[in-house]
Structures are given as C-alpha cells and as structure tokens.
Amino acid sequence: MGLFYTFHFYLFGVIAIISAVAFVTRRSPVAAALWLVNTMFCLAALYVMMDAQFIGAIQVLVYAGAIMVVFLFVVMLLNLGHASDVTDIVGGKTKLAAGLVGLLLLAEVFVLWKDDGAPAPVPAQQELEPGVIDQVAAPLFREYLLAFEITSVLLLAAIVGAVVLAKRRVT
Amino acid sequence: MIQEALFFSAVLFIIGVIGVLTRRNAIIIFMCVELMLNAVNLSFVALSRLYGIAGQVFVIFVMTVAAAEAAVGLAIIISIFRHHENVDLRNINLMRG
Amino acid sequence: MSRTYLPVLLLMGFVVFNAILMIGLSHLTMRSRPTPVKQSAYESGIPALGEARERFSVKFYMVAMLFIIFDIETVFLIPWGAYFRNLSCAVPLTNGLCPSGQVSMFGLVEMLVFMAILIVGLVYVWKKGALQWD
Chain L
722 MGLFYTFHFY LFGVIAIISA VAFVTRRSPV AAALWLVNTM FCLAALYVMM
772 DAQFIGAIQV LVYAGAIMVV FLFVVMLLNL GHASDVTDIV GGKTKLAAGL
822 VGLLLLAEVF VLWKDDGAPA PVPAQQELEP GVIDQVAAPL FREYLLAFEI
872 TSVLLLAAIV GAVVLAKRRV T
Chain C
8 MIQEALFFSA VLFIIGVIGV LTRRNAIIIF MCVELMLNAV NLSFVALSRL
58 YGIAGQVFVI FVMTVAAAEA AVGLAIIISI FRHHENVDLR NINLMRG
Chain G
23 MSRTYLPVLL LMGFVVFNAI LMIGLSHLTM RSRPTPVKQS AYESGIPALG
73 EARERFSVKF YMVAMLFIIF DIETVFLIPW GAYFRNLSCA VPLTNGLCPS
123 GQVSMFGLVE MLVFMAILIV GLVYVWKKGA LQWD
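Residue numbers (our numbering), protein chains in the order written: chain L, 722 to 892; chain C, 8 to 104; chain G, 23 to 156.
Partial selection, computed: residues in chain G whose CB lies under 8 Å from chain C:
#1 83
#2 87
#3 91
#4 97
Hints listed in this document are in silico derivations from the structure and should not be mistaken for laboratory results. Note that the coordinates shown come from a computational prediction; the quantities given were computed from them, not determined experimentally. Using N, Cα and C, we set each Cβ at its ideal position, and we do this for glycine too.
Using the sequences and the hints, build the whole thing.
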C-alpha cells in the first residue's frame with residue numbers, strides 16, 4: 722500500500738474519532754447529531770478504501786441520509802434542540818465509573834495491539850463475481866436467502882410497532 | 008490496513024459505551040448505540056477482506072436492524088415524551104425493582 | 023481498486039477547501055455594522071411570527087419513519103436488480119447470457135415474497151389511517 726493510501730486511511734480514521742468525541746461531548750442534540758453524521762461519512766470513506774464500495778454507498782444513503790435525518794427530525798419534533806438542559810450529563814460517581822470502563826476497554830485494545838500472536842488463518846480467496854455489487858449480491862440472495870426473507874418480517878414488525886406507538890389516539 | 012481499521016473500530020466502540028454511560032438524554036443515548044453499531048460494522052468490513060465477502064452481507068443486515076430499531080425506538084421516545092414532557096432517563100423508572 | 027475513487031477524494035478536498043475559503047474570507051473582509059432591520063430573519067420581508075423552533079406535528083414522524091423502512095427495501099432492491107440476470111438462470115451464465123431452457127423463476131419469486139410481506143405493512147399503515155393528513 723502506498724503512502725498516499727495510508728495517509729488518507731489514517732486521516733479519515735482520525736477525523737472519525739475526533740467527530741465521535743465531539744458528538745459525545747456536545748450538549749445540544751442537534752450539534753451532536755451533526756457530528757455523528759460526520760463520523761458516518763468518514764466511515765463510508767474507510768469502507769470505500771477497503772474495497773467495500775457498495776457498503777460505503779449505502780452507509781451514506783441509509784445511515785447518514787435516512788436514519789440520522791429521522792433522529793434530527795425527532796429532536797425537532799419534541800423541541801429538544803436547546804442546549805439548556807444542564808442536567809443532561811450525569812454526576813461524578815457515574816462519570817468516574819464510565820471513565821474507568823473506558824480506560825479498561827482502551828487498555829484491552831492496547832494489549833491486543835501489542836500482542837501479535839499467531840497470524841490469523843487466511844482461507845483461500847473465494848472465486849469472486851465480477852463487479853462491485855455482484856460480489857455482495859451473490860451470497861445475499863443465495864446463501865443468506867432465509868435471512869433476507871426474514872428481514873422483511875422484521876421490517877413489518879417495525880412498521881406496525883412504530884404506527885401503534887406513535888399514532889395519536891383517536892378519541 | 009486491517010489492524011488499523013480494527014483499532015479505529017475499537018476506539019469508536021469505546022466512545023459509544025462512554026456516551027451511553029454518561030448521558031441522560033434518551034435521544035443522545037440512542038445515537039451512541041448507533042455509533043456502537045457503526046463501529047462493529049467497521050470491523051465486519053475490515054475482517055471481510057480476510058475471511059471472504061460474508062462480512063459485508065452482514066453489514067447490510069446490521070443496517071436493516073438499525074433502521075428498524077430507530078423507527079421503533081424513536082416512537083417509544085415520542086410516547087415517553089407525551090407522558091413526561093421530557094426525555095430525561097431519570098423519569099423512566101416505572102419498572103425499576 | 024480504490025484508486026478509481028481518487029476523483030471523489032479530490033472533489034471532497036476541493037469542497038472542504040472551498041467552504042473554508044469562502045467562510046474565512048467573508049469573515050476577514052466583512053465590516054460589521056448591524057442594525058435591527060439587518061438582523062431580522064427576513065430582511066425587508068414581513069416580521070417573523072413566533073420562534074423557528076416550534077414543535078411540529080407527529081404526522082411528519084409517520085412519513086419519516088415509513089421513509090426509512092422503504093429506504094431499506096431499496097437497499098435490497100439495488101443488488102437484486104444488479105444481480106437479477108444471474109439469479110434468473112439455473113446454470114452459470116455463458117458470455118452474460120442464459121442458455122435456452124435454463125431460465126428459472128428463483129430470483130423473481132424471492133423478491134416477490136419479500137415485497138409481499140412489506141406490502142402487508144403498507145396496507146396496515148394505510149388502513150390505520152397513519153398516512154391521512156387530517
């Protein structure tokens with residue numbers, strides 16, 4: 722991998738992490754949501770750099786384009802956009818506990834980083850279909866056919882659940 | 008690049024966990040969960056370079072679940088808001104033992 | 023492979039640079055002389071009534087929610103459409119064409135089942151009146 726590639730890989734990764742930190746520390750939900758959108762864009766760039774172009778495209782379309790828009794929508798629907806909610810961040814004891822959990826997880830990452838261990842077994846590269854989308858579509862519609870069909874039941878449940886919960890009562 | 012991607016994924020996941028633990032606004036907590044799902048997606052894509060394309064198929068399913076979860080979860084937040092006029096998690100303790 | 027996406031990267035870099043340049047230059051060169059009229063939301067227009075951050079109706083949420091669900095349906099339709107030629111053939115394609123007599127309904131039927139289940143949801147929403155505006 723060339724230096725150009727490596728540089729941009731790190732660039733997008735670091736921007737993603739900085740945006741995520743900004744996202745967690747903002748008080749205003751609108752600002753937080755926009756920082757999260759930035760993180761998701763950087764992740765889409767990383768997906769494209771790792772030869773998962775279709776995943777990168779639907780990351781932008783679905784996550785940044787649809788899910789985060791609906792989140793922003795609900796923030797405005799409930800009129801929560803003000804940053805005045807001072808009690809939003811929990812008090813000292815819980816914060817300390819959260820910091821400890823974070824340090825613990827971070828330490829674990831660094832231990833795993835240092836520990837090279839046995840190299841991961843690399844199976845023989847499968848015969849890939851030509852074309853970016855075909856690579857994903859072939860297993861999706863053949864091997865994972867059942868999961869694909871069950872997904873529609875999940876979406877049906879989501880539609881029914883959201884309608885029942887959010888609809889005004891007709892009185 | 009796989010190692011770096013896994014590192015970024017782990018850091019993003021940790022940020023998500025800390026967010027869930029330290030915030031009280033239900034919508035922000037929800038967004039932190041989305042961040043954690045995204046971090047896991049990143050490691051799926053990274054490992055799919057090593058173990059075949061199935062990881063990318065899984066990412067599509069994770070996105071589907073995230074969308075369904077967002078639809079229902081936000082509906083729950085809306086109905087909580089109708090009750091309490093805010094989304095502070097301290098008010099949501101009806102089922103506390 | 024990702025080399026083919028270099029133009030996208032260049033475009034992104036150009037957009038970010040351009041945005042920073044424009045906002046930065048206008049900040050550096052502007053002279054601030056505010057008057058109440060200039061500060062109003064619609065200069066020379068009618069005065070604004072109320073706040074911009076007003077709570078709006080839950081009817082909008084129904085539309086947005088249905089949008090994400092059917093957006094996900096599209097995410098499955100795109101790879102299906104791109105791969106449909108292979109799915110509707112019982113044997114691997116030769117030169118991008120299906121040998122005669124080998125056409126199968128597999129791809130069509132699996133997507134019809136998927137869409138039929140989702141259409142049940144659409145009919146439910148419709149009958150429940152969630153798409154009704156009033």
